[in-house]
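Please arrange chain B on chain A, whose structure you already have, making use of the hints.
Going line by line, the protein sequences match chains A and B. Position one of the first sequence corresponds to residue 1 (the working numbering), numbered consecutively onward. Position one of the second sequence corresponds to residue 1001 (the working numbering), numbered consecutively onward.
Please keep in mind that the hints were generated in silico from the structure rather than gathered at the bench. Just so you know, not all the hints are guaranteed correct.
[To be verified] Derived BS3-like pairs (lysine-lysine); straight-line CA-CA distance at most 27 Å:
hint	chain 1	residue 1	chain 2	residue 2
1	A	Lys171	B	Lys1190
2	A	Lys108	B	Lys1190
3	B	Lys1190	A	Lys8
Fair warning: this is a prediction, and the values are worked out from it, not measured in the lab.
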Amino acid sequence: MNEDRSKKYINPYLGGVLLGLVLLTAFYFSGRGLGASGAIKSAVVASVETVSPTHVETTDFYKNYKESHAGGPLKDWLVWEMLGVLVGGFISGAFAGRLKFKVEHSPKVTSKIRLIFAVIGGIFFGFGSQLGRGCTSGSALSGMAVLSLGGFITMAFIFGTAFALAYFARKLWI
Amino acid sequence: MGPLIVYEYISEYTNLLMAFIIGIGFGFVLERSGFSSSRKLAGMFYGYDTTVLKVFFTAAIVAMLGLLFFSLFGWIDLSLIYINPTFLWSAIVGGAIMGVGFILGGFCPGTAFCALSIGKLDALAFIGGLVIGVVMFTEGFPLVEELFYAENMGTPTINELIGVSRGTFGLILILVALGMFFVGEWAERKFPREEY
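Next comes chain B alone, as it looks inside the complex:
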């Protein structure tokens, strides 16, 4: 039963080796999907290329359904999976600041490393900025500490919040995603760009 590391089927070193192998898969799929191009990523916000939307939501749904089925088959104990804690204000403000970084810089951290691996120098500049931003946070932490810990809600899941089961919420998410894919396909026809 998984997760394998928690049940000690694999050692800490095997876990780090798995991290490296999983990273190779992660980088390969990102690059092959076109996430090594900032103008392709930015296309999301102008409608000419909605690859980000399609890849991102399809991946979230596949992983979510996979976890659900693994749990039903008794292959994985969901209570041992890390759930990101929710601190309401830092999630909102942090997300908004990241959005500014996304539209100005054209990457997110993962895609920047992916783009760097094929030689994109704008990605290298972005990563330089990331390091500066992280140092600003770690050095300036006392200034944002209050905001960082404000409104600690624990580890709520969104389906608990609206009072439906995991499966029902999964269905809702799939329908919402299908709606968004439809809009995305429409936008690509409406705002086409030949070269970018």
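Chain A on its own, in the form it takes in the complex:
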């Protein structure tokens, strides 16, 4: 990394301390950790209900979800948190001069290839996050902070699998 860029990013250990304090604030105020994939699920269930209310009424999964999440996405903690992420990321990017429409990819692949693999990766991550009851934020990071066994297991398998497959995906990144 060249000097110019490294100056624009914060020291990673300091970044980690700040992220830890944000997480601690969430525990102190709301009794829960951070998350991301849960907000998408909330939006998905609300969308499915808009498209086909009868389908939601007749499907056990949606019925159960609605019972445990009364109020819909606008009363969902994670939805508001993720809206905040968009604002916070934008503010940081604006200060650092990083606001730019761009497809980031390795010089070895085209933008099109990068976008195709981004969609495929998203599908895997979306499905896996539901099966694993949370993603890197909700299950791995927040879970580890409360010493949840499941959090450590999920973290180990996310990073372990990615490491194991890194060789085959190298062209996408290096």
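Here is chain B on its own, set in the frame of chain A:
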């Protein structure tokens, strides 16, 4: 005493406002740490940039120690903090599937939203994929239901499992993290990349 929402010091609406403010902090720190760049995130798996490791473990340790101290000071009741339940098989299989998504897509859900906020279009594509993946799960739920509920272990903590106190485990985790940071710093010197 916290958590404030449980003790009803704050209303439900204040809690949602806090979620928004906490989210701003979350997004700001992620972006400022470089998590809005997929090639920086992926650097973790090739050794040229181990920012993910450093930020992730430092954050987990700071929050864990913070909770421990808050509890000792009587500021927070740990028994009221949400602990993620452990369903062994779904944690393993779900984690492995997420790992595939990570190495192919270069983001996780939180970092994708962070990257989208500064205009990364590959993050937008990833989020489109996330929505498809979530719909596949919600629509196909009966097919994976058995796996989803298999081996329900309740809400065990890892220190209980190995029979040490929260503090002792915290110390172990810090030492392990220091070891990994050392390896990370070494890897960045060994596999440097100028431009990415």
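Checked hints:
Distance check on the hinted pair: lysine 171(A) and lysine 1190(B) sit about 19 Å apart at the alpha-carbon level, within 27 Å; holds. For the proposed pair lysine 108(A) and lysine 1190(B), the alpha carbon gap of about 22 Å is at most 27 Å, so the pair holds. Between lysine 1190(B) and lysine 8(A) the CA atoms are separated by roughly 23 Å; this keeps the pair inside 27 Å, and the hint holds.
Of the numbered hints listed earlier, not one is contradicted by the structure.
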